[in-house]
Amino acid sequence: GENVEQHPSTLSVQEGDSAVIKCTYSDSASNYFPWYKQELGKRPQLIIDIRSNVGEKKDQRIAVTLNKTAKHFSLHITETQPEDSAVYFCAARGGNNRLAFGKGNQVVVIP
Amino acid sequence: DAGITQSPRHKVTETGTPVTLRCHQTENHRYMYWYRQDPGHGLRLIHYSYGVKDTDKGEVSDGYSVSRSKTEDFLLTLESATSSQTSVYFCAIGQGDGTDTQYFGPGTRLTVL
Numbered sequence: 002g003e004n005v006e007q008h009p010s011t012l013s014v015q016e017g018d019s020a021v022i023k024c025t026y027s028d029s030a031s032n033y034f035p036w037y038k039q040e041l042g043k044r045p046q047l048i049i050d051i052r053s054n055v056g057e058k059k060d061q062r063i064a065v066t067l068n069k070t071a072k073h074f075s076l077h078i079t080e081t082q083p084e085d086s087a088v089y090f091c092a093a094r095g096g097n098n099r100l101a102f103g104k105g106n107q108v109v110v111i112p
Numbered sequence: 012d013a014g015i016t017q018s019p020r021h022k023v024t025e026t027g028t029p030v031t032l033r034c035h036q037t038e039n040h041r042y043m044y045w046y047r048q049d050p051g052h053g054l055r056l057i058h059y060s061y062g063v064k065d066t067d068k069g070e071v072s073d074g075y076s077v078s079r080s081k082t083e084d085f086l087l088t089l090e091s092a093t094s095s096q097t098s099v100y101f102c103a104i105g106q107g108d109g110t111d112t113q114y115f116g117p118g119t120r121l122t123v124l
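Those protein sequences? They're chains A and B, same order as listed.
Quick note: to get our numbering, add 1 to the position in the first sequence (first position is 1).
Quick note: to get our numbering, add 11 to the position in the second sequence (first position is 1).
If we strip away everything but chain A, and leave its shape as in the complex, we get (with noise of 0.2 Å):
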């Protein structure tokens, strides 16, 4: 099945600078990615998601690229704030039709 991998763990970024995960997917027959962010003790929120037929998506400081040959996707999020702190998880849909969750990001904003 579709093997999703996050890097950094724990990314932590001065206010108002900008802050890039990246996530590696196994299955090139996956075809959506989609973001979701997730702040302590709630549920993970769709932030942001991607088609394997687009290579950029942008929703105000938030977008997400897609590189297909090379099986990685990014989030970027800019302007970062004190409320982007959270943990980010990416995922990945494979072949099996399934979601494939990366282990997450802890985004650390220091004002």
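Treat the hints as calculated values from the structure; they're not laboratory data.
The beta carbon of each residue, even a glycine, is placed where N, CA and C say it ideally should be.
One or more hints might be untrue.
Facing chain A, a subset of chain B residues (Cβ under 7 Å, in silico) [to be verified]:
id	residue
1	53
2	54
3	111
4	115
5	117
6	118
Starting from the known structure of chain A, fit chain B onto it as the hints suggest.
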């Protein structure tokens, strides 16, 4: 948040006892999922359903069973709970018709002593 509720939200039980967790949706989505979340492991799929009475196993299904007798309800049962099943359990729903987006419920924190 999508119309998903889970019950109970917290439960403490003893090893060997049966436990049933309930997921209820008001979105009429075809697909429903059960995940467990543990530190260092992210979200792992236990079982999922693609319709009433239609279910399939995920990557960590041992020790769990599920049932879906109505579109809106998906039950997860631990027949004989073990300490290794202490976890946070999330239900998710999705339309499953190519859109693939999954929305999560609020979670159930289960502690098995």
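Here is how each hint holds up against the structure:
A cut of 7 Å between beta carbons decides the hint on residue 53 of chain B: the least distance to chain A is about 4 Å, and the hint holds. Hint status for residue 54 of chain B: holds, given a least beta-carbon distance of 4 Å to chain A, under 7 Å. Taking 7 Å as the C-beta contact cut-off toward chain A, the hint placing residue 111 of chain B at the interface holds, the least distance being around 5 Å. Checking residue 115 of chain B against chain A: minimum C-beta separation of about 4 Å stays under 7 Å; hint holds.
Interface restraint check for residue 117 of chain B: the shortest CB-CB distance to chain A comes to about 5 Å, inside 7 Å, so the restraint holds. Interface hint at residue 118 of chain B: satisfied, since its Cβ lies 6 Å from the closest Cβ of chain A, which is below the 7 Å cut-off.
Of the hints listed earlier, there is not a single one the structure fails to meet.
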